[in-house]
Each structure stands twice: as C-alpha cells, then as structure tokens.
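Protein chains in written order, with my numbering: chain S, 1 to 259; chain C, 1001 to 1192.
Some hints could be false.
[What the hints assert, rightly or not] Below, a list of computed lysine to aspartate or glutamate pairs in the EDC-like style, where the Cα atoms sit at most 20 Å apart:
1) C/K1167 / S/D8
2) S/K235 / S/E128
3) C/K1167 / S/E10
4) C/K1126 / S/D27
5) C/K1058 / S/D27
[As the list claims (entries may be wrong)] Pairwise CB distance ranges, derived in the manner of DEER restraints:
6) S/R18 / C/D1064: 23 to 31 Å
7) S/T154 / C/R1065: 29 to 37 Å
8) C/G1149 / S/G123: 51 to 59 Å
Hints listed in this document are in silico derivations from the structure and should not be mistaken for laboratory results. Virtual Cβ for every residue (Gly too), placed ideally from N, Cα, C.
Given next are the chains, with one letter for each unit.
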Amino acid sequence: MSARRDDDLERALVELGRSIDLPAEPDLAPRVIAQIRSGVRPETTRAPIFARRGFVYATAVTVALATALLVFSPSTRHAVADFLGIGGVRVEYTNEPPPGIAMDLHLGDRVSLDEAGARVDFGLRVPEVLGPPPEIYVQKETPTVFVSMIWPATQDLPRATSTGVGALLTQFRSHVEQDFIKKLTQTKVEVIQVTAEGVEGYWVEGPHSFMLLDAQGRPQEDSARLSGNTLIWEKNGVTYRLEGDFDRATAIRIANSMG
Amino acid sequence: MEGRPLDEAVLIERARGGDAGAYEELVHNYQGIAYRTAYLITAEAADAEDAAQTGFIKAFYALDRFQLDRPFRPWLLKIVANEARNKRRSAGRRSNLELRLAEDRPRGDAAPSPEGAVLAMERNEKLLEAMNSLREADRLVVAYRFLLGLSEAETAAALDCAQGTVKSRTSRALKRLRASLETSDMETGGAK
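So here's chain C without its partners, still in its complex pose (with noise of 0.2 Å):
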C-alpha cells in the first residue's frame, strides 16, 4: 500500500496543475476504497456517497498542500472519513454500523466442499457477531486493518489518531474479540 504506481505521482502533479481529467482518474483509482472507509462510519449509504464525495473535492481543492514524496491514499482517506464523521455529526445519528454476511455464498477459498462452506460460514457467522459486540472504536479499528485492509498509516489517518494508537487499540480490540468468540465457544458447548 505503501508504494505506489509512478504513474500516480504523474496523475497527482497534473492534478494539481489544474487537470481535471488526470484527477478524475484518481478518483476512478480511489473511490471504492474511499466510499467503503466512510461507509463504515456513516453506516448509511446515501451519507457514505456524499461523503465520499465530499471529500474528493475537497481533496481536490487542497492538493497544493499534499507532499508529492508521501503516499496519497492515506492523505485521501483522512479527508474523506473527516467528511464522514462530519456527515454523521450533522445527521445527529450515533448510528452503530451492523456488519452483515452478504446473502451469496462466501467467496472465500476454505470452501472447497459444501460442508467447508457451511463451516466457513458458522465460523463467519460467529465473528461477525463478536465483532458486532466490540465497541464502536474497537470494531472500527479491527475493521479497517482486517475487513477493508488498510495500512496502520492508512487506519491512523482514517481515524485521525496516531500509528502507535491504532497499534495498541488494535491488540486490545483483538483480545476482546478472541475473549468473547471463547465465551461463545463454550456457552455453545455447553448447550451440546
């Protein structure tokens, strides 16, 4: 993540100089990333667009003050999930996102038969309810590193707070995940 295409670099400099269709392929690059990190704070789709978009304007507008030796995406992200929070701020919400399992089968590879679906699916099942549980600052931060991927950079600038926070949020969050997925562990158990 840390790397990027030189052709990115190209793209951001024209950008700059004004244009537009070199940053329309930025944004081509970055919007499903960007909508997915404010969807996980709006946790509405409609406020997740507008931020989304927002925020690529607004990175537009400020793309002088964006160093060219720096990885961009995290710099995009943060504007973009400041839009989001902003977004969700004015709707007056403190919505907590649920996480769902998509309705079709898992895509995953540890299906090779219909009883590892079955079996993938429990066990996705399972975690989706511990991470639902967590709290919000906790889920947030397992579900940027781990469902969507991103950098520790990317996650501290999506959350606005420092690496080293996201580091020791992030083993706190996995310890309670982990507690509570062995106290399901047994209270299933123990109803067998």
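Looking at chain S on its own, in the form it has when it is part of the complex (with noise of 0.2 Å):
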C-alpha cells in the first residue's frame, strides 16, 4: 500500500537475509578449473556447439602409431581433423622424445625489411606490440621462402630456452596441397583451438618436436629442433607461426596487434 511501508517491509526481508540459514558455500574454482583442463565439456541439452576455443589435450588420445594416425573420442573429432592442418602447419601426435635444442634455427639468410618483403608474394606484415624486428632471415632452401622475424628478451618477452631469444614469427605462403612444417606433439602437450586476428588457430604449448618440410613432405635434413610454446594461424593464404616463452594471451594479443 504506502510507499513506506513497502520500505519497511523490504528492509525487514534485508534483515531477514542476513539471518537466514544456507549451506556454507563450497569452493568450486579448483573443481571448475580441473573440469576445463580435462577437455571433458558438459553434456547440452541442444545440440553440441563446437566452440572455436577448447580445450584438446595430448593425454586424452591414443597413439596408434608412431607418426600417428590417431583415435580420437568421438566428442573430440571434430576439433582434431581442424587442427591435422592449418595453414602450411601439420601438427601430429608421436610418442618419441623431442629431439634437443638445436643451435640452428634454420632460418636463412640475415636481411632487411625491404629485401625480406621483395622475396615473397604477399605484404609483411609485424605486430605493433612488438615493434619493428631487430633481425629478419630469409629462408630460400625450402619448397616455400619462409621469413622469420625475431626480436630479442625483454622483461615482457623472456628468452624462450627453444629459440635463445624473446619471440620468433614466421610468416610464409600457404599451398593448398601442402605443408612446410610439421610438429610432432608429445603427450602432455596441449593443443588448444584458439581466436587469432578474428580466425582460428592453433596454441601449442609445451616442448614439441619442429621440423621444416622438403616438396614431398619429407623433413629436411636436420630441420628438426625443439620447440616451445607456439601459436599457430593462417590469414589470407599466409600461415604465421609465432613462438616464444610466453603465455597464450600473449601470443594472442601479439598475434591481434599484427598491421
């Protein structure tokens, strides 16, 4: 009726909710965390929506073979036979070691901007958040001319221990019938379907093995190394790849800032 006594008897109900008796409240974060981690997603009622992001692990496959034609549970298939390929990239699941660190990144020739740019077929481009790159490379020996940046540890960047350095990006030519690069990934590596400049990528976290790939897919000669955390994505027909000792929102935001 009167406005006040609405007042009064919404002050008393406050009242009450301060006196009233619920279950204490259990700590759900570490439970949520873990159920994420797992890749294990809830059952929907609608129908499944795959989410550009998830979360795939290494450890939730079975390895058939060594280079791996893999068996995958059907709620994770659909993400698997994305990320076989992206861009000029295959990623595949091995059980072997990867390999130790090598002192040659395989990069090429040192060169400038300008020269690096008059090598290939598309424009260069360099994140902003990084700055112009110190050193590019140019790699020529390979079916496609690869061109690496690197810019040196900071306190934001720290020295990845695969590179030596703060962060490498390589961007190339993707070829529809074609990859350049293979990772193998370990179990205990994690493979996670992530949103780069408006696209879907690919975070590869952990050591895994890196190796470049010759015309017929074999890998070239002493191509393979370790490699680091890695983000991995293609746009408008060029595959970037971008590694370094950073966390995942890093990358991207490095990956978001490219101009």
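With the hints in hand, could you dock these two chains into one complex?
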C-alpha cells in the first residue's frame, strides 16, 4: 500500500536475508578449472556447438603409431580434423621424445625488411606491440620462402629455451596441397583451438618437435628442433607461426596487433 | 551491481582467450552468489553445488557469445539457474525450499540489546513463516530480490523471465506477504 510500509517490509526482508540459514558455499573454482582443463565438456541439452576455443589434451588421445594415425573420442574428433592442418603447418601426435635444442634455427640469410619483402609475393606484416623487428631472416632452401623475424628477450618477452630469443615470428605463403612445417606433439602437450586475428588458430603449449618439410613432405635434414609454446594461424593465404616463452594470452595479443 | 570493476572485462577477455587462471578468478568472485542462486531452486546443497559447477563450465564454453559491454553477473546467473532447474527436474523433485533461520544470533544491526535481539528474532521468524507460506514463484522472486540482493535484471535472468514480470511479481508478492503478516498479527493479538 503506502510506499513507506513497502520500504519497511523490504528492509525487514533484507535484514532477514542476513539471518537466514543457507549451507556454506563450496569452493568450486578448483573443480571447475580441473574439469575445463580435462577437456571433458558438460553434456548439452541443445545440439552440441563446437566452440572455437576448446581444450584438447594430447593425453586424451590414444596413439596408434609413432607418426600417428589417431583414435579420438567422438567428442574431440571434430576439433582434431581441424587441427591436423592449419595453413602450411601439420600437427601430429607421437610418443617420440622431443629432439634436443638445435643451435641452428634454420632461419636462412639475414636481410633487411625491404629485402625480405621483395622475396615474397605477399605483404609482410609486423605485430605493433613488438615494434620493428631487429633481425629478419629469409630461408629459400625450402619449397616455399620463409621470412622470420626475431625480437630479443625483454622483461615482457622472456628468453625462450627453444630459440634463445624473446619472440620468433615466421610467415610464409600457404599452399593448399602442401604442408611445409611439421610439429609433433608428445603426450602432455596441449593443443588448444584459439581465435587469433579473428580467425581460428592453434596454440601448442609445451615442448614439442618442429621440422621443416621438403616438397615431398619429408622432413628436411637437420631441421628438426625443439619448439616451445607456439601460436599458429592463417590469414589471407599466409601462415603465421609465433614462438616464444610467453603465455597464450600474450601470444594472442601479439597476433591481434599485426599491422 | 550493474557497474563492474575494469579488471572484470580484462578477466573475461583473457578467459575467452583460453586463460584458465583468469577464469578461476571469475569463478572465485561469483561462486557464492551462483551457489545461493542455485540453492534456492534445488533446495538441496549437493544439487546446488553440481548446478553451479556445471553452470560455470558451460559459461566458460559460451564466453564467445557473451557481450563484453553487458554485465557478467546476470548472464552467469541465468546459466546457473537454468542448470539448477534441470537438476531439479531430473531429480523428479518438487521440493519446496523451507527457509530457516540460522542457529546463531542474527548478525543484523538491529540488535543492540537482548530485548532488541529477541524482537528481531521474533520479527524474522514471523517474516519467514509468511515467506514460506507464499507460492513458490512469489517466494523465489522475493528471496532473490531481497534476501540475496539480486538486481531486477539479475532476478529476471535467474528466473528466465522479463524484467517487467519481476517488477509485477515482486509487488504482488510483497502485497501477499503483508497480508499474511497482518493476519498473523491479528491472530496473535487476538490470542492475548
């Protein structure tokens, strides 16, 4: 009825709320995060929508052969079909141990940005958050031209064990029929679908093998090395590969700043 | 409730990028209200826990669909409350939550003296009795709005109805609550 009496009643109810007996709240955070990390998604009542981002654990996978034709649980099959190849990169599971750290990153000749630009048929791009790359390399002894940019380690970009530098960004023209880079991920290496620059990409977290392939898809001699955390994505027919000892959010932030 | 600290948008954005640590922080911030929102529906502690947990996980996978310029809490509570209703349905229960007063002395600010405490306790008991006599839909809207302190928008999200419905249902429920209180006053008054 009157506004004042309404207020009184509301106040009394708020007061009651302080005296009500509700069971103590459980600490859900650890369980929620554990389940998310396990990659086991809750059943949906609607038709399952495969989110662009999902956790896929290599440990959830049964490895059949060394170079691995894999058996995946039905819920992850969709994701796997996508991540076996992105741009010119192939990701495979294996149970072989990763190789040691190679001194040679197989980056090719050191050149200027203009020289590098003249060697490829696409516009080279530089992530704004990293600024102009101090070192640029071109690798031509491969079926496709790789352009690699290097940024030294800083406070924000810790020195990566795998490369000895802060960030390594490689870009190359992808070809539909061929992969040029192969990554073998051991168990416990996480391959996560992410969105970078508005497109689907993969974040491979943890040490894994990395090798360049020749025109027949065979690993190039001596090119195998240990790779650290890597973000891979493809935009406008160009494959980008960003490697460094930073976390996924940082990698995505770098990718999203590509000029 | 509508405004939110700047970090929350940052946390959501990071979680969207797959950062589990950022999401953990969000879960920390909201697990209390999520759990209580679920509990008022399930009336079972274990079911409420399950519903809140599943709700948080589903929310994580749905983060891409969350609009960053909107408040996060109603969006989350909607998912959690929906889980709670599913839980309750699948348990085949039509349990009506009987609200109870906590055993210990009310922590309210209206208890400066022992007499005051007793009065507050009596008032709370009466109020609770009246609350428990409400129809479930009415009781839930009042509990969300005043006992848990949810905003109209959050209550609407939790009940999966329009905000206008929350408004009208709240005023109807308050009216019934008052009528029930007045009746009990007359009864106790008449008994003396």
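Hints versus structure:
This hinted pair checks out: C/K1167 and S/D8 have alpha carbons roughly 18 Å apart, not beyond 20 Å. Note on S/K235 and S/E128: the hinted pairing holds, with a Cα-Cα distance of about 17 Å set against a maximum of 20 Å. A distance of roughly 14 Å separates the Cα atoms of C/K1167 and S/E10; the hinted pair therefore holds under the 20 Å criterion. Distance check on the hinted pair: C/K1126 and S/D27 sit about 33 Å apart at the alpha-carbon level, beyond 20 Å; violated.
Between C/K1058 and S/D27 the CA atoms are separated by roughly 17 Å; this keeps the pair inside 20 Å, and the hint holds. For the pair S/R18 and C/D1064, the supplied restraint of 23 to 31 Å is violated, since their beta-carbon distance comes to about 38 Å. For the pair S/T154 and C/R1065, the beta carbons lie near 36 Å from each other, so the given range of 29 to 37 Å is met. Our hint of 51 to 59 Å for C/G1149 and S/G123 holds, since their Cβ atoms are close to 55 Å apart.
In this structure, the hints that do not hold are numbers 4 and 6, in rising order.
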